[in-house]
Amino acid sequence: MTIPRPAFLVLLALALARPAGADGPQSLRLVQTIPLPDVAGRIDHFVVDPASQRMFLAALEKNALEVVDLKAGRPERSLPGFLKPQGVLFVPRHNRLFVACGKDGACKILDGATLEVVRTVTVSLGADALGYDPETDEVYIGSGGGDAGKDYGDLTIVQASDGSPVAALHTDAHAGGTLVDPTGNRVFVEVPEKSEVVVLDRRSHAQLAKWKIPGIEKDVAQAFDPAGHRLMLGVRTPASVVVLDSDSGAVVATAPTVGILDGLSYDAARHRIYTTGGEGFLDVTEQTDRDHYRRIERIPTGPIARTSYFVPEWNRLYVAVPRAKDRSAEIRIFETQP
1 MTIPRPAFLV LLALALARPA GADGPQSLRL VQTIPLPDVA GRIDHFVVDP
51 ASQRMFLAAL EKNALEVVDL KAGRPERSLP GFLKPQGVLF VPRHNRLFVA
101 CGKDGACKIL DGATLEVVRT VTVSLGADAL GYDPETDEVY IGSGGGDAGK
151 DYGDLTIVQA SDGSPVAALH TDAHAGGTLV DPTGNRVFVE VPEKSEVVVL
201 DRRSHAQLAK WKIPGIEKDV AQAFDPAGHR LMLGVRTPAS VVVLDSDSGA
251 VVATAPTVGI LDGLSYDAAR HRIYTTGGEG FLDVTEQTDR DHYRRIERIP
301 TGPIARTSYF VPEWNRLYVA VPRAKDRSAE IRIFETQP
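Quick note on our numbering: the sequence shown kicks off at 1 and runs consecutively.
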């Protein structure tokens with residue numbers, strides 16, 4: 001039987017997308033798709049509030065915040081007035097939603113019940129990644145760098161309860177994502193343009209160390225393994241997950257992954273890393289022990305499907321897939337498999 005050339009090319013692409021070992025049991029299963037018919041263009045970061053079963057999603061090119069009812073499986077509201085929304089953070093303790101906007105440097109704080117803006121914190125242009133420290137109840141806002149016409153980055157720290165200022169720090173370039181070490185007294189701040197991780201004291205905010213990661217460009221996402229004391233970085237060039245000893249900053253392992261990465265999550269219960277990127281795939285990397293990692297599955301998603309969010313309480317991974325010629329934008333929901 002002769003297979004038509006277009007069909008053959010599709011089959012070949014799917015075959016090449018599956019890494020060694022992918023013929024085994026699935027690690028993720030697609031269980032639901034939620035269409036987003038009114039969202040065009042790139043989708044940036046998003047978060048899930050398990051209590052209200054809602055998703056808050058940055059529709060970057062639409063300049064809006066999209067609210068998705070996960071229980072009903074449909075969009076709920078679209079909130080305009082966000083100029084290039086990028087970072088999104090939900091703080092359940094105060095029922096507050098933080099949205100960082102790159103075009104005007106506004107970090108808007110919304111009441112989680114009414115979704116009304118209750119305060120706006122102004123930082124440098126390029127406001128993007130947001131981080132939260134539950135022990136100090138502080139929010140970290142990364143901005144500055146080239147987006148703001150500066151040769152340094154800004155890291156603004158505010159109280160989560162009311163947005164009041166706590167500290168204003170500088171980094172060597174645009175300040176990226178912030179991640180708290182839940183086992184100790186440190187905060188990890190990415191500086192993608194310099195391929196750095198800055199380590200801060202979570203209480204005094206003093207710099208404890210600056211780790212320059214050799215052989216990479218742009219560490220843009222991070223996750224933490226508290227049991228193994230391993231900091232996992234999602235890297236653009238080369239497309240990889242780079243694993244550091246979180247005590248020393250030494251590189252202990254690398255594993256190839258999807259290109260143009262933006263989403264990285266660590267599933268501690270299954271010792272897996274989930275990565276998503278604009279190349280159009282979701283990769284699953286297995287942690288065989290704290291210093292050894294291998295990609296075990298590659299799942300096609302779609303062009304520019306860069307961002308994702310893992311909810312361990314539900315054993316579900318959410319992937320934002322932008323609009324294509326043959327379908328609307330959508331949220332694809334994957335359930336973990338044993």
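Since the hints were derived computationally from the structure, they do not count as laboratory data. In this text the structure is predicted, and so the values were computed from the model without any measurement. Incorrect hints may have been included.
[Unchecked claim] DSS-like mimics (lysine-lysine), calculated; alpha carbons at most 30 angstroms apart, straight line: (1) 71 - 84; (2) 150 - 218; (3) 84 - 150; (4) 71 - 325; (5) 62 - 325; (6) 150 - 212; (7) 71 - 212; (8) 71 - 218; (9) 210 - 103; (10) 210 - 150; (11) 103 - 84; (12) 62 - 210; (13) 103 - 150; (14) 62 - 212; (15) 62 - 103; (16) 218 - 84; (17) 62 - 150; (18) 62 - 84; (19) 325 - 150.
Verification of the hints:
no., hint, verdict
1, 71 - 84, "holds (28 angstroms)"
2, 150 - 218, "holds (18 angstroms)"
3, 84 - 150, "holds (19 angstroms)"
4, 71 - 325, "holds (28 angstroms)"
5, 62 - 325, "holds (18 angstroms)"
6, 150 - 212, "holds (21 angstroms)"
7, 71 - 212, "violated (43 angstroms)"
8, 71 - 218, "violated (36 angstroms)"
9, 210 - 103, "holds (29 angstroms)"
10, 210 - 150, "holds (20 angstroms)"
11, 103 - 84, "holds (5 angstroms)"
12, 62 - 210, "violated (37 angstroms)"
13, 103 - 150, "holds (15 angstroms)"
14, 62 - 212, "violated (36 angstroms)"
15, 62 - 103, "holds (13 angstroms)"
16, 218 - 84, "holds (21 angstroms)"
17, 62 - 150, "holds (27 angstroms)"
18, 62 - 84, "holds (8 angstroms)"
19, 325 - 150, "violated (38 angstroms)"
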